[in-house]
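Enquirer: So the chains spell out like this:
Number of protein chains: 2
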Amino acid sequence: MPKHYVGIDLGGTYIKFITLSQSLKPGKVLQLDTPRGADAVIDQMVAGARQVIELNKLTRRDIGGVGVGAPGPLDFKRGVVIEMPNLPGFRNVAIRDRVARGLGIRAVLENDANAAGFGEYLCGAGKHKGDMVLLTLGTGVGGGIVIDGKVIRGAHGVGAELGHLIIVPGGEPCGCGQRGCLERYCSATFIAQRAGKLVKSGRRSTLKKVLDAGEPITTKAINQARKAGDKLAAEVWDQGAYYLALGCVNICRVLDPDRIVLAGGLVNAGRDLMAPVLRHFKALHWKLATPKTEIAIATLGSDAGVIGAAGVAWYSRNV
Amino acid sequence: MPKHYVGIDLGGTYIKFITLSQSLKPGKVLQLDTPRGADAVIDQMVAGARQVIELNKLTRRDIGGVGVGAPGPLDFKRGVVIEMPNLPGFRNVAIRDRVARGLGIRAVLENDANAAGFGEYLCGAGKHKGDMVLLTLGTGVGGGIVIDGKVIRGAHGVGAELGHLIIVPGGEPCGCGQRGCLERYCSATFIAQRAGKLVKSGRRSTLKKVLDAGEPITTKAINQARKAGDKLAAEVWDQGAYYLALGCVNICRVLDPDRIVLAGGLVNAGRDLMAPVLRHFKALHWKLATPKTEIAIATLGSDAGVIGAAGVAWYSRNV
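Residue numbers (my numbering), protein chains in the order written: chain C, 1 to 319; chain E, 1001 to 1319.
Calculated from the structure, these hints are not laboratory results.
Fair warning: there could be bad hints in the mix.
[Claimed, not checked] Simulated crosslink set (DSBU-like; lysine-lysine; CA at most 30 Å straight-line):
{"no.": "1", "chain 1": "C", "residue 1": "Lys77", "chain 2": "E", "residue 2": "Lys1282"}
{"no.": "2", "chain 1": "C", "residue 1": "Lys292", "chain 2": "E", "residue 2": "Lys1077"}
{"no.": "3", "chain 1": "E", "residue 1": "Lys1077", "chain 2": "C", "residue 2": "Lys282"}
{"no.": "4", "chain 1": "E", "residue 1": "Lys1292", "chain 2": "C", "residue 2": "Lys150"}
{"no.": "5", "chain 1": "E", "residue 1": "Lys1220", "chain 2": "E", "residue 2": "Lys1287"}
[Claimed, not checked] Which chain E residues stay away from chain C? Per the calculated CB distances, all over 10 Å, these:
{"no.": "6", "residue": "Asp1039"}
{"no.": "7", "residue": "Arg1203"}
{"no.": "8", "residue": "Asn1250"}
{"no.": "9", "residue": "Arg1317"}
We put the beta carbon where it would ideally sit given N, CA and C, even for glycine.
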């Protein structure tokens, strides 16, 4: 009787591997470089899966399934990665079936953001109960939705693209072709960019020293400057928190989840981020009832995706 | 073996009743006035349910369950209407159990907007397949979400409140206590109000004749003026369509449904509404993929709610 599941998280730089027990206990993580070329990537995934099974003192017979998390766009029905923006030439690769064949174990494919959401739901801040929405605040803003214990993929596989909620009609242009997307107002990259623009435009700020030293402004630097009394840094930080809170209110209006979980580099700021987000959330939220949706910080860090990938295999164990 | 279900749609002015066969064929509708006082309302609901069973040549033994649709806020677990804004004194009424006791048939309670969404899903424009979102454009904007054949209520019973998506940060104040809610930009009432304000502020428009005659401006009058070449009417109409389309894009980003179904008085305009909505939807939608979510007009009219109420009883037949 198989009692473990393998998760594989395919990224542009690394491929991560993990095992997850039937009782949802994650094993040791293995990380390998992502090679160039589709064939090499598939070989690395198969080899890495074998390695992580061994690393966790298991054998192939202990494994009930493999879950693969990959960046979209995906064709879920056929188990195909249509394109991977960070891996040139990785197009229309039947990743699910090739990994399954290589290992002799059934495999399932999931979008990486959905997988991270499912990981936090099963083993992290989602506590494996209630409805949960994950917002990952990094270069962009990613989303994952779990309702009744199930990942919401959307009818065409593009649901939970929460970074592309339009929150400012006619606002900042986004790479997706829309204007005013949430991620243009509260991703770590955008918040840093906005501070940089304002400093370059001549606004007085201690952040100018960072630019003068030829270094990029980071959200960490902004938060530090803010705490040291820098007005511009405080303004930019607060604005990011405001729009993030606005996104959270909109998630409540559609899904009314038990929890919204925040992840990604920006949440390293901890209370410095949460305090203004919760303040704006309360102020923006309707007054018909007090907000019941909790906003919490993710607990799995960058392992959420690989744990969730294994979780998807665990979830579909009887399918 | 019961083969039919009764639906009851409780409104501030009327109570509607219907039967729905196991094969999802709606029977004849009965409409009674809503009396004052909780006891009288419950009595009317029980009496009307008996009448509609008879009207459709059925007996109590043919009925597998009763679904009650009521305006929120509701306590789903206890089957209680916490308050009915349009029925003063109707507070904390255990409507589900009192109707069930009165009829000797098990009953389920559903929010009226969710019920309308489920009705369109089962028997209307949702075609009983795929994921569907209903937007009702009336005094306000109501929402109903059906994913995998199931109504999304939210963890605290306030999901699918799509009229209160914030689409303009810091925008028009809404009765709910938020600012910039979708319904303040595209409900029939708001579109008409906006035209009235602009005319009163001195903007030149043929709609002034309506106001001068002491009549209120309606969306029907705006559409007629627009078609006759009135610029202000065209501007207001197009703006309503723009924000409605923006709401549809945001629904796609969260849920990516198969269909968004538009209902309520405003959709009587048919193609006059749909043409600009679809144009704006295409323009606002991201360019990563062509829009696959269909936008369609509801087909059940004001019976969606009562059909959906019966549908909820049908859905939960084995629970």
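Enquirer: A separate judgement is required for each hint: does it hold in the structure or not?
Expert: We went through each hint and held it up to the structure:
no., hint, verdict
1, C:Lys77 / E:Lys1282, "holds (26 Å)"
2, C:Lys292 / E:Lys1077, "holds (16 Å)"
3, E:Lys1077 / C:Lys282, "holds (26 Å)"
4, E:Lys1292 / C:Lys150, "holds (22 Å)"
5, E:Lys1220 / E:Lys1287, "violated (34 Å)"
6, Asp1039, "holds (27 Å)"
7, Arg1203, "holds (22 Å)"
8, Asn1250, "violated (5 Å)"
9, Arg1317, "holds (19 Å)"
In the structure shown, a violation is registered for the earlier hints numbered 5, 8, in ascending order.
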